[in-house]
Each structure stands twice: as structure tokens, then as C-alpha cells.
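K.L.:
Each chain, written out:
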Amino acid sequence: MAEIHNPHLYVLFVLDGNSFFVPQDDVDSVEIIADVQKENAPGGAIGWFFGHGDESPVFCLAENFSLLSDVPKKREYLILLKAEPQPLGITCDEVENINLNKEHLDLQELPFAMKKPGSPISQLLIYQEKIAYVCKGSALVKHLQSFMEQNQ
Amino acid sequence: MEETKTSRAWLLDFGRNLQAACGHHEMWQVLISPTLFSVPYTPFYCDSVLIFQDNILPVLDIVSLFEGQKIVQENRVIGIAIYQENPNEPIHYAGVQLADMPRSIFVTDDQFCELSADQPFQEPLAISCFSHENQAIPILDFAYLFLEEFNTLQHQRI
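Chain order of the listed sequences is A and B. Here the numbering used here is used: the first residue of the first sequence is 1343, the next is one more, and so on. Here the numbering used here is used: the first residue of the second sequence is 2, the next is one more, and so on.
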């Protein structure tokens, strides 16, 4: 049976009080950080998540997308992004499923003047009277893979 | 005898002796110390946004743009500029960081002067220039300032 695609479904993840949205279709699963094994982490990653038949490197990002080597205490979860050859994880403080339509949230394109090559952010939205950032899963994966290449 | 045309304009002070003007209809509102939100992974001259009438507007800092680095100025006056890429396109709004409140002035055709080569506003960013209080004041094209073409050029320059 074909999967039902709902473009309004997003996963909201929080990094240091900043909200990021990624399409639910781009997320493999949400896991808890207690399941991350920190031994022999590949370049740039903080550890591995073993599950669903895959070994997934897990990364810890600051709110400006830079790499953190020490995991802040608030990071309790990780989202696994769909990627080849294996899913890639990002730790986060909070995570939630959000239906943009039901929450009456409107996406706005990132203005031209704010675009920078390599930025994972493609859109913005107003969420709880603050600005939240919208990223495509593929852009986040590309960003994480660039860390892996740099640290090889 | 040909009649001299007079137009209203806003004189904009961006700080650090950087001035320009725009048409009176191109500045919608001025906000004093609005809440700005930083957006990561953005150019240093346009790294924040504000919420204006349920829309998210970029805030462009012209001084930082021309200085080539982030310049933090004390006053936070944001002009809400209006621009249109062409007459058939919808109107867009954007924030422009100013050092002071814009001044409403009258400009006549007699005040026309050439763009000075020693200031940063050049064509096509400046569409014309006039003399005001012994200074050459460029007239800004906001549409070009916020256009993809101009911003792509900045990435290549940085």
C-alpha cells in the first residue's frame, strides 16, 4: 500500500531554546540519547546509534549549526534523518510532531538577502511568538556529511 | 517655460556618514527598537528578521554591507521599506537599519547631480543622485538591494 504523504507534518526539534522544523517524511525515527554509544565515534560525531538494522553516526549541533564535541545536559533526544548509506542523527533538547495546518502555521521563504551558500535553512515561520527555522532533511544531511568529510 | 518638478523623498541616515534617499512612498513605517530575531547561517549584513504584521521581514544593515564586516550601532531604528521588482509583481516589505529617524525633504529636478565615485552607492543600486545641503545624496533602488542578483554578487565578493 502506498504511503500517505502529508506535506503539513513536520518534526519540531529544539536546540538551546531555538526551534527547528524538518518535514516528517525526512525523519526516520526519534530516539533517546541514552541509547547512543560513545565509543569509536566517526569524525565529528559524538557517538553511534545502533538500531533498525543500521549503524548511525550521531552529531551534536549548536543553534548556529556548528559542531559541538561536548553534549549539553539538556540534549535528551535525537532525530534520525533519512540518508544514504545510513541514517544520521542530531541530538536535541525537545522534539514534537507538528501539523502546520492544524496549528495555523505558515511557512515563509528565506528572503534572498539572507541566503548563504550551504545554509540548511530554507524557510522561516513564526512559532510561539518567536522565529523558527525550517530545514529540508536533505540539506541537514548534506551539512552533517560535510563534517564527516572534513574529519576523515 | 518648462516647470520644475518637485518630489517628496525620505533622507535616510544609515550611520557612519552614509546617507541616501528613497521616494516618499517607498518607506512605509519606522520602528523604534523593535525585537529582532537572529537567523543562523546568514550573511553578516542581513542576519536578523523582525515580525511585522504577521510577516517575517529581513533587516538589512547597509553599513555592515559596505564595511565588509558586522558593525554594531547603538541606535536601533528600523525603516520598513516597500519595493516591487516590477509593476506587475506584488509589493514586498523589508527592514532597513537606520541610525536616526528619516527626514522628509522636497527635491526638485534642479538638484540633480552626478553620482560621486567615492561613495559606495553606485548604479544599479543607486538610480540617481541629487545635491542636498552641499552633499550628493544617491537615490536607492530598494528592489535591487533585496534582489537575488545583488545578493548573489555579495556572496561572490565576500
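Source of the hints: derived by calculation from the structure; they are not laboratory data. Beta carbons: idealized from backbone N, C-alpha and C, even for Gly. Hints may contain errors.
Cβ-to-Cβ under 7 Å is the rule here; a few derived chain B residues that face chain A [as the list claims (entries may be wrong)]:
1. Val50
2. Phe53
3. Pro59
4. Tyr145
Once the Cα atoms are required to be at most 27 Å apart in a straight line, the calculated DSSO-like pairs of lysine-lysine come out as [said to hold, decoys possible]:
5. B/Lys71 to A/Lys1458
6. A/Lys1457 to B/Lys71
7. B/Lys6 to A/Lys1472
K.L.:
Could you run down the list of hints and mark each one as holding or not?
P.N.:
Okay, the hints, checked on the actual structure:
1. Taking 7 Å as the C-beta cut-off, the interface hint given for B/Val50 holds, the closest approach to chain A being about 6 Å.
2. For B/Phe53, the suggested interface contact is broken, since its CB lies about 11 Å from the closest CB of chain A, more than 7 Å.
3. Interface hint status for B/Pro59: upheld, as the beta-carbon distance to the closest one in chain A is roughly 4 Å, under 7 Å.
4. For the restraint placing B/Tyr145 at the interface with chain A, the shortest Cβ-Cβ distance is roughly 11 Å, beyond the 7 Å limit, so the hint is violated.
5. A C-alpha spacing of about 16 Å is found between B/Lys71 and A/Lys1458, which places the hinted pair at or below 27 Å, so the restraint holds.
6. Proposed proximity of A/Lys1457 and B/Lys71 is supported: the alpha carbons are some 16 Å apart, at most 27 Å.
7. Between B/Lys6 and A/Lys1472 the CA atoms are separated by roughly 46 Å; this puts the pair beyond 27 Å, and the hint is violated.
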